[in-house]
Structure formats: C-alpha cells, structure tokens
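J.: Just so you know, the sequences run in chain order A and B.
Sequential numbering of the first sequence, starting at 3, is according to my numbering.
Sequential numbering of the second sequence, starting at 57, is according to my numbering.
Please note that the accuracy of each hint is not assured.
Using 27 Å as the maximum straight-line C-alpha spacing, the simulated BS3-like pairs for lysine-lysine come out as follows [unchecked claim]: (1) 463/B x 280/B; (2) 317/B x 333/B; (3) 258/B x 159/A; (4) 287/A x 434/B; (5) 434/B x 236/A; (6) 405/B x 111/A.
Some chain A residues near chain B, calculated using beta-carbon distances under 7 Å [what the hints assert, rightly or not]: (7) 58; (8) 70; (9) 73; (10) 83; (11) 117; (12) 118; (13) 183; (14) 259; (15) 263; (16) 269; (17) 272; (18) 292; (19) 294; (20) 296.
Simulated from the structure, these hints should not be mistaken for laboratory data.
Note that the Cβ used here is the ideal one computed from N, Cα and C, for glycine as well.
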Amino acid sequence: MNQANINCPNFSLKLETASVLVNKVIDGINRNTMKKRKLVWLELTGCSGNIISLLDGANPDFKSLAAQMVNFIYENSLMVAEGEAAMKKLFSVIGDDYILAVEGAVSTKDDGMHQIIGRWKGQPVTALRAITELGENASHVIAVGTCASDGGISAAKPNPSECVGIQKLLKKKVIKLPGCPCHPDWFMGTLAYIMLCGEPELDDRQRPLMFYSTLIHDICPRRPYFDKGIFASKLGEKTCMFKLGCRGPVTRVDCPLRKWNDGVNWPIGDDSPCIGCAMFGFPDKMEPFISYDTT
Amino acid sequence: MEIDAVIDSNIVADAKTEGLLFRGFEKMLEGRSPFDAVYFTQRICGICSTAHSMASTMALENAMGIVISQQGRYLRDIIHGCEFLQNHIRHFYQYTAPDFIKLPEGNTLFETEHNDFRLPKHKNDLIVQHYFDSLEISRSSHEMLAILGGKAPHNHGVFIGGITSQATPEKIARLTSMLQNIKQFIVTKMIPDAYTIAQYYKEYFKIGRGYGNLLSFGCFNQYKMLGTLFVNPLEYSNGRMTKLNPAEITENVHSSWYTSKTDTYTPFQTIPDPDVKKSDAYSWVKAPRYRGLPYEVGPLARMWLCGEYRNGISTMDRTIARALEAKKIANIMLVLLKNLIPNISLQEKYEIPQRANGSGLIDTTRGALGHWIKIENKVISFYQIITPSAWNLSTRSQDQLPGPGEKAMIGTTINNTDLPVELGRIIRSFDPCVSCATHVYKKGNLIKTMQVVP
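Please model the complete structure; the sequences and the hints are all you need to start from.
T.: Structure (structure tokens):
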C-alpha cells in the first residue's frame with residue numbers, strides 16, 4: 003500500500019488518529035513544509051447531516067479545518083456568496099488541484115432533474131452533472147456519509163428519485179466514509195492522511211482501515227453479556243441488545259471506542275441498539291431497526 | 057433553493073420560492089415497521105432530525121393509544137430543547153450574521169460580492185469573534201443532546217414512552233452546567249448581537265412582513281404539573297387569536313411538481329405522485345394551508361402567539377425573536393431539568409397494532425411540524441409529513457396567493473438590482489430548511505434568477 007513514510011503512522015484503531023494526523027498537517031503548513039490544499043464540499047441528495055456533524059467535531063474542530071488546514075472553496079450552506087457567484091467559485095477549481103468531499107447520493111431520475119444545486123450560465127446544475135464534472139477532475143474524492151457512499155436513505159426502497167452512491171457515476175476511485183452521519187473524526191483524519199501521504203489503506207469496500215477495520219460487536223462493552231447469553235427484552239436495559247435487532251455484529255466501524263459528540267455517548271450507551279447506519283445496505287438491509295420479536 | 061424574482065423599477069413585482077430537491081420519504085416509509093419511522097424520518101433533515109423523531113414518536117403514541125408519563129415528556133422535551141439551541145445559535149451566527157457583518161478576508165468561504173456592510177469596525181469585529189465562539193456553543197448544545205440521546209444529528213434517545221435511557225444524577229448535573237454556559241452566551245452575546253445588527257439595518261423592520269398570519273402546533277405546553285411553559289396550539293390572523301383546529305389543515309399541489317386526483321387534500325387523504333414535467337409548476341415544495349390561507353410558522357410566530365414579543369412582523373423581527381426564543385428555551389430547559397426524577401425507567405415492550413391511525417403535531421425549531429401515520433397489518437401503509445419550511449416557503453394554490461416567503465419579498469425595494477442582497481436577507485429570516493420542505497434537502501445557498509423588467 004503506502005510506502006514507508008515518517009509522516010504516515012500506521013494506525014490501527016486508535017482514538018487519537020484524527021487529531022494526530024490533523025495536527026501534523028497544521029504543523030507542516032505552519033512550518034511551510036506542506037501547503038494548504040483546496041477543498042470543495044459538495045452537498046447532493048441528502049439531509050445536510052454530514053456538514054452539521056462536521057461542525058460538531060471537536061478534536062480538532064471545524065475552525066482548525068477552515069482556518070489552518072485547507073482553502074475551503076465551496077460549501078453551500080456556510081459560504082457567504084450566493085447564486086451565480088457561488089457556482090463560479092465551484093467550477094473555478096476544475097483544472098486546478100483540489101480534494102472533493104461529497105455528502106448525499108446522486109439522484110439520476112429524469113436526467114437528474116430531481117435535484118438542482120444551482121444555476122450556472124443560465125443552465126440548471128443537477129447533482130448528476132456536478133458530480134461527474136467535479137469528481138473526475140479532483141485529486142481525491144471522499145464520500146462523506148452513507149448516502150454518498152452507497153445511496154443510503156436517499157436510495158431507500160422504492161427509491162423514488164433513483165439515487166445512487168457517487169462511485170456508481172465515477173471512474174475514479176472514491177474513498178468511502180459511511181455512517182449516518184459521518185463522524186467528524188473519520189472525515190478529518192482521512193483528509194489529513196490524504197494531505198500527508200495520499201490515499202489511506204482501504205478495505206474491499208473502499209473504507210479506510212484506520213476507522214473501519216473492526217466490528218462494533220467485537221469491541222462492544224456489552225459483549226460479555228452476549229457471551230453469557232444475557233439479552234435485553236426492551237429498550238433501556240443495560241444488557242446485550244442482540245435480540246432487539248442490534249446490528250453491531252455486522253457493522254464495521256469504531257463507534258464503541260470513539261463515541262459521538264466529543265465522546266459523550268453513542269447509541270448503545272443510550273440503551274438502544276445499533277441500527278447499522280455505517281453498513282452497506284442501510285437502511286433497507288438493516289431493518290427492522292427495533293424488534294421485540296427476535297428469538 | 058432558488059428565488060425567481062421579477063423586479064420592476066427596483067420594486068419586487070413578483071417572487072417565487074423554488075425547492076429543487078426531491079427524495080420521496082413518504083413513499084419510502086410504506087411497508088416499513090412503524091417503530092422504524094422514529095429513526096427513518098430523522099434522516100429527512102440533519103439540521104432538525106430531533107424534530108422528526110418527536111413528531112414521529114407522537115404520531116405512533118397517538119396511533120397506539122399510549123399516554124406517556126410527565127417524566128418521559130420532560131426528558132424528551134429537554135432533548136428537543138437542545139436541538140432548538142443548536143439550531144438557533146448556528147442559524148444566527150453561521151447563516152444570518154454573514155448577511156450583515158463582514159467576515160475576515162483571505163478565506164474563500166467568506167467572500168461575497170455585495171458591500172452593504174454598515175457596522176463600525178469594532179462592533180463588526182466583536183460579532184466576527186462571536187461567530188467563531190458560537191461554533192463551540194452550538195457544538196456543546198449537540199453534546200447535551202447526545203448525553204440523553206446517544207448522538208447528534210440523528211439521535212437514538214427519543215422513542216415511545218419518552219426516551220430510551222435514564223437520567224442519572226450525574227447526567228442532570230452535567231446538563232445543567234452545560235446549559236448555564238450556553239444560556240450565558242445567548243444572554244451576553246447572541247441577543248446583544250442581534251440588537252446591534254438591528255440598529256444598523258433599521259429598514260429591515262419594515263421589510264419582509266408577509267401576511268401576518270401566524271400559526272403554532274404548540275410546544276413545551278400543557279404539562280400536568282407545570283402547565284404551559286411556552287405556547288399552546290394557536291393561530292393569529294386579522295388581529296385575532298384563536299385556538300388551532302387541526303381539522304382545518306390542508307395541503308395543495310397546484311404549483312408543485314406533483315399530480316394527484318385532487319389538488320387540495322387533508323393530511324390523511326392522499327400522497328401525490330412526483331411529476332417533474334408538470335407545466336406551470338415551479339417547486340417540489342407543496343402548499344400547506346389553514347382554513348385555505350397561507351400561514352407563517354417559526355420563532356416569531358411562537359413568540360407572538362404566547363405574547364412575549366409583539367414588536368412587529370418583519371425580517372428583523374424574525375431575527376430578534378429567534379435570539380430571544382433561544383433564551384426562553386434555555387430557561388424552560390432549566391425548569392424541566394429541575395423537575396427530573398433520576399433513574400426512572402420509561403421503556404416497555406411495545407406491540408404494534410394490527411391497524412391504527414395517528415398524528416403527531418408539534419412546534420419544532422422552524423415551526424409547525426406534522427406527521428400522520430396509518431398502520432395496516434402491523435406495517436406503515438401511509439405516511440404524511442408537513443414541515444415548517446413547507447408552510448413558510450409554500451407555493452401558490454389555485455387562488456394564486458403567494459406563499460408567506462414569496463409574499464414577504466413582493467413589494468420590497470431593491471437598491472442594486474445586480475446584487476439584490478435584500479432577497480437573501482428576507483428569505484433567510486425564515487430559516488429555510490428546504491430539505492424538509494419537500495421532504496428533501498437543500499439548505500442555505502440561495503440562487504437567484506433575476507428577471508428584471510425593463
């Protein structure tokens with residue numbers, strides 16, 4: 003995979019992964035040994051949950067990203083420019099070096115007319131057009147969240163807008179960070195790794211191993227209950243929620259260690275089962291989320 | 057979203073608000089487990105996901121005939137309050153303030169073409185400082201949410217009976233302390249900043265009124281012991297306030313890209329089919345109506361209806377009402393936290409009925425939100441969602457009456473038709489969240505097609 007490089011620590015499931023990598027980047031930029039890269043954040047057919055989650059990032063936070071790490075060119079809700087001026091900034095990166103982060107799936111029905119992200123030179127810019135033009139020209143493409151990775155909830159049965167994950171539309175390899183939403187550390191760590199060393203080591207579903215190498219079930223603090231056969235019969239109990247339909251046994255990601263919102267909690271810590279939101283096939287293949295009838 | 061405005065001699069002669077994203081959540085929900093709707097519908101919007109878990113859970117409880125305990129309500133409402141705070145703080149600093157203050161140069165995200173910035177440098181710089189400080193405060197609101205609700209966005213806590221986990225004394229103490237810190241920020245920075253901006257942009261108290269019809273489904277209200285801490289279901293029009301009757305709510309798709317046997321329908325009646333080729337339609341947003349009329353919903357509507365803010369109805373009044381409401385919500389949450397009894401288990405083993413109908417109507421950050429569910433053979437057979445942004449950014453029905461956001465723009469004087477900064481300011485005062493408006497999403501960035509009449 004990546005050649006040995008002093009800047010490229012080999013992380014396997016460490017809580018501090020993201021902050022160590024980001025601090026190396028910021029340090030490199032401050033010492034002029036690295037330069038800021040251009041970042042474009044494209045929001046397609048989704049719910050904005052991933053940008054909100056990124057704003058919830060604390061270790062390090064959004065301000066470090068925008069002020070010290072990258073030259074943030076485009077993010078539809080945070081940028082001040084609007085209308086054609088915003089579209090001009092977006093398309094100005096083509097031909098330049100930039101990293102593309104995408105949240106949301108791509109609606110393909112009726113040539114993409116179920117999602118228009120703006121108007122450029124009088125023509126509607128569909129999500130479909132935006133991803134194909136900006137995706138192939140980017141140095142790296144990061145799918146942020148489950149919708150961009152695999153279609154997610156935007157492509158849920160019967161998929162009325164015919165949504166697909168972005169890899170389906172691109173020849174270029176997409177680095178996938180599934181999760182509904184994506185944890186801010188997963189994105190910040192991946193972005194920093196790309197800036198330091200290029201593409202991180204990925205599994206066969208294009209997910210960085212540093213965040214997605216383990217099953218929730220294997221590192222779940224409630225695993226001892228599972229091993230002893232002690233199961234919760236309703237939400238709110240402190241034992242193993244396998245029989246309520248917990249998807250921890252099939253979901254690969256580091257939630258039990260990392261937790262959410264600056265590490266304060268996570269779904270199982272809230273006495274509710276994992277619903278497999280970071281898993282390929284979410285939501286359809288992860289349903290029912292809650293079941294009292296499992297035996 | 058896009059605004060299509062016709063400007064004649066510097067006056068907005070006509071304006072259309074266009075929602076340009078469709079996903080079709082209501083169709084997706086058919087055939088799924090009713091319990092899953094609580095988690096599924098949150099994915100309509102990452103900014104107000106808790107709102108959907110609230111309405112969805114209430115619709116389920118209504119369908120299942122479950123009356124939850126007051127402790128369950130307190131806990132759930134505290135989670136909901138956290139979302140209000142996160143939203144209001146982000147909306148004011150990250151989405152509203154940049155329309156009026158000049159953010160630091162040298163950052164591409166902050167570049168803008170217009171130059172209507174009026175604050176003296178020291179006042180401008182102070183709000184810029186608060187813009188960055190607020191990132192930590194809104195983040196902290198979501199941390200509070202996650203303490204009781206597992207994570208944010210898309211919480212796991214809100215469920216039938218109240219929430220899934222219990223409030224321990226440690227959690228209550230930590231939440232109270234975090235909330236005091238957030239309240240301190242709102243009182244000492246956010247509210248003064250709103251008034252500072254208002255002082256330099258006074259004409260915005262006269263711009264963007266709309267109809268003046270206001271509506272709320274109620275929230276933080278009718279507790280058994282605590283009474284109503286915020287607002288009951290009410291509507292206000294023609295200077296008169298009356299109790300809200302949910303039977304008067306309809307939706308209309310005359311100007312939206314949907315076809316249906318009937319253009320106007322009640323929530324339980326039908327879900328129209330998407331039709332992107334429909335002529336004369338211009339948006340994915342439908343048109344909710346009360347007694348056939350367009351109504352504004354949101355913080356200003358609530359603060360007006362409960363009698364706490366009666367200065368006026370305008371772009372700037374919306375912004376001030378939002379900041380004042382943030383303080384109001386923080387105070388309500390402190391009362392609820394004080395009334396919590398720790399370590400109470402709220403969950404039971406619930407059984408889905410063979411067949412039932414239910415509705416969940418509640419005011420959320422952006423205004424009145426309704427979920428309507430029908431269950432057949434233990435699965436969802438029908439699901440209707442009417443969101444706050446659909447009320448505010450609604451399209452026209454047969455009568456051609458503009459939606460509240462459209463009405464608010466029409467008649468406005470535009471100083472520079474090349475850079476109509478007024479339109480963005482007016483529409484952002486409604487806190488548009490167009491993802492949910494069409495049960496789809498596209499937030500914040502306003503694209504204008506200006507048709508300037510010679």
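J.: Starting from the hint list further up, note which numbers the structure goes against and sort them upward.
T.: 1, 3, 6, 8, 14 and 20
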